[in-house]
Amino acid sequence: MPTAASADYRSSVRKPDDFDAFWDDVLRQASAIPLEAEVIPDPLRTSEDVEVFQVFYSSIEHVRVAAWYCRPVRRAERAPAVMLLPGYQMDPPIPKEWARKGYIALSVAPRGKLRSNRQFNPGYPNLLTYNIVDRHTYAYRGFYVDTWRGIDFLLSRPEVEPTRLGVTGSSQGGGLTITTAAMRREVRAAAAGAPYLCGFMDAVELTHTYPYEEVNDYLRLHPESRPEVEKTVAYFDGINFADRISCPIIVNIGLQDNVCPPETGYVLFDRIGAKDKHLYPYDGHGHDAGRFRHSAIVDRFFAHHLLGREMSG
Amino acid sequence: MDQTAEAFREYWQETLDALARCPACPEIDVLPLRSTAFATLYGVRLTSLGPYRLFGYLSIPTGTGPFPAIYYPPKYQSVLEIIPQGTANLIRSRYITFALAGRGQRNADTPYAAMFPGLLTEGIDSAESYIFRGIVADSVRGLQFLLTRRELDTAGVVVMGNDLALVTAALTAGATHVVAAPALFYKAAELAPRTQAYPLEEINDYVRMFPRRAEAVRRTLAYYDLRAFAPRITAATLLMAGAPGTLLDALTLRPLVTALQGPLMVHDSEQSLYKDGLYTEQWMAAQCGITDVQGILPEHWRESRDREGHRLG
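First to last, the sequence lines map onto chains A and B. Using our numbering, the first residue of the first sequence is number 1, and each one after it goes up by one. Using our numbering, the first residue of the second sequence is number 1, and each one after it goes up by one.
Calculated directly from the structure, the hints in this document are not laboratory data. Note that beta-carbon positions come from the ideal geometry of N, C-alpha and C, so glycine has one too. Warning: the hint list may mix true and false statements.
Just so you have them, the derived chain A footprint on chain B, three or more residues with Cβ under 8 Å [stated by the list, open to error]:
no.	stretch
1	69 to 80
2	131 to 144
Covered, in the sense of this in silico footprint (three residues per stretch, anywhere, with C-beta under 8 Å from a C-beta of chain B), are these stretches of chain A [what the hints assert, rightly or not]:
no.	stretch
3	33 to 46
4	196 to 208
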């Protein structure tokens with residue numbers, strides 16, 4: 001077994017002085033865009049126990065964002081909701097299993113993902129470095145907002161209990177869980193796995209695997225752009241969002257993670273502002289971050305915070 | 001599997017004959033952004049059954065060769081990766097790699113763009129029109145193209161992927177090794193009702209929506225069942241089985257195991273992408289005569305966490 005990653009890794013991540021101002025401005029621009037949500041029943045995917053809908057809503061720059069929306073057929077008048085955030089390469093799944101656990105569930109496809117790529121399609125690989133020298137047009141500026149707008153969608157639904165919203169995902173979904181929990185106070189519980197988009201410039205030194213390798217590819221071809229790249233990603237680094245998180249949160253990492261270096265997971269966890277936070281490091285696990293064992297912990301966590309129910313474990 | 005062996009043979013022979021009538025007409029362009037000191041990356045366009053134009057990423061190591069190769073046939077996702085996420089980029093210094101987008105995947109999504117979920121049941125009520133007839137042809141065409149490369153060591157051609165890896169090795173010569181994790185076509189009609197997880201849930205959705213087509217679906221899937229292909233596969237095979245007790249564990253896969261004709265290793269998943277991935281990398285390296293596998297593993301999988309290899313990049 002390789003030596004497990006060190007928990008006392010010293011990160012190079014520094015928050016820009018105008019970090020909050022930058023994002024306040026982005027949010028102000030986004031708030032001017034009407035949500036214009038469409039909720040379209042999907043009879044092919046609907047089953048006896050779960051209703052499935054295709055959802056579309058508008059985000060910043062008027063990009064239409066797709067999502068899958070599932071709700072249990074048998075539910076209370078208002079039910080807790082969980083937003084699922086996707087990995088870098090994955091196609092956002094239909095979150096039927098969450099509906100079967102009693103939650104209303106939204107699985108968002110931010111811009112560039114399948115069904116959300118008509119107006120913005122940087123390709124994969126390429127999303128990570130698309131306009132990476134300009135924070136005002138960098139791909140993740142809109143991508144992040146698309147996920148935060150998912151919370152607006154949930155809050156617009158009469159069947160959603162607005163005081164019981166959760167957010168979760170792994171890899172890129174873990175990174176987006178961090179940024180969403182940080183920027184949307186309505187989130188009451190968050191579970192982030194193997195968080196990506198945390199410690200960008202540390203990660204590209206610690207590992208040479210895709211997707212982070214996209215940054216190394218870019219810098220090899222454009223070495224003169226390194227200062228601009230470093231400046232841009234600092235505004236998007238999950239580690240710089242983490243001190244804003246106040247809701248209960250759990251984070252799981254794999255100590256042999258070959259995609260999102262565990263060193264960055266430790267740094268992220270250290271920076272999280274919430275008092276109620278817990279880290280689950282899994283030795284002997286890679287980018288799965290111990291998912292097989294950890295999924296029951298996530299279930300208990302959300303059941304406690306959103307359903308008000310204790311599960312045995 | 002209710003079609004006769006003769007009907008199965010005719011179906012695939014007609015497919016291969018039709019493919020043979022479509023010249024590949026490859027176009028190959030260097031992609032400087034993804035090229036390094038140790039490997040050059042090319043974008044490849046070539047024609048498959050239809051005719052349909054495909055896209056692939058071909059990486060050739062620096063040096064005189066010949067080199068063993070890893071062929072990644074189309075995956076069940078919209079995204080085409082250069083090498084699988086989490087694979088050390090340095091693997092490209094020792095192997096030729098070729099990753100192909102089948103029809104419908106990104107970069108091969110004009111005129112047909114596949115949906116995920118959705119692809120698995122596209123045209124499934126007729127074996128003649130089923131989308132996977134074309135995708136299998138695409139996969140075969142990809143291997144045929146790879147075999148034309150003068151840099152190739154023909155004694156080390158690994159086909160690595162899901163069911164398509166086995167199907168491709170069965171239908172065309174040239175694969176010396178196969179690494180396969182069945183997910184789509186092993187006893188699909190029988191196993192789908194035992195799961196609610198995608199992609200097999202697509203079959204459940206389809207049959208629920210169109211119950212009168214259930215028999216036609218079963219007939220089509222019979223042409224794709226891995227048990228029917230297995231007697232044709234003589235390549236050395238690493239079969240990645242699910243963890244014991246899961247849907248596609250070694251016990252369930254036993255009929256496939258006994259039908260495969262080449263040297264066989266079955267690996268039970270350890271529910272760890274690190275452990276399963278490391279096993280696979282080591283198996284491939286040993287089969288291809290690569291003795292210094294540590295140097296082409298991701299940093300967090302190495303016994304010694306040195307960064308020596310990255311000076312190559």
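Hint check results:
1. 69 to 80: holds (count 4)
2. 131 to 144: Three-residue rule not met by the stretch 131 to 144 of chain B, so violated; n is 0.
3. 33 to 46: holds (count 3)
4. 196 to 208: holds (count 3)
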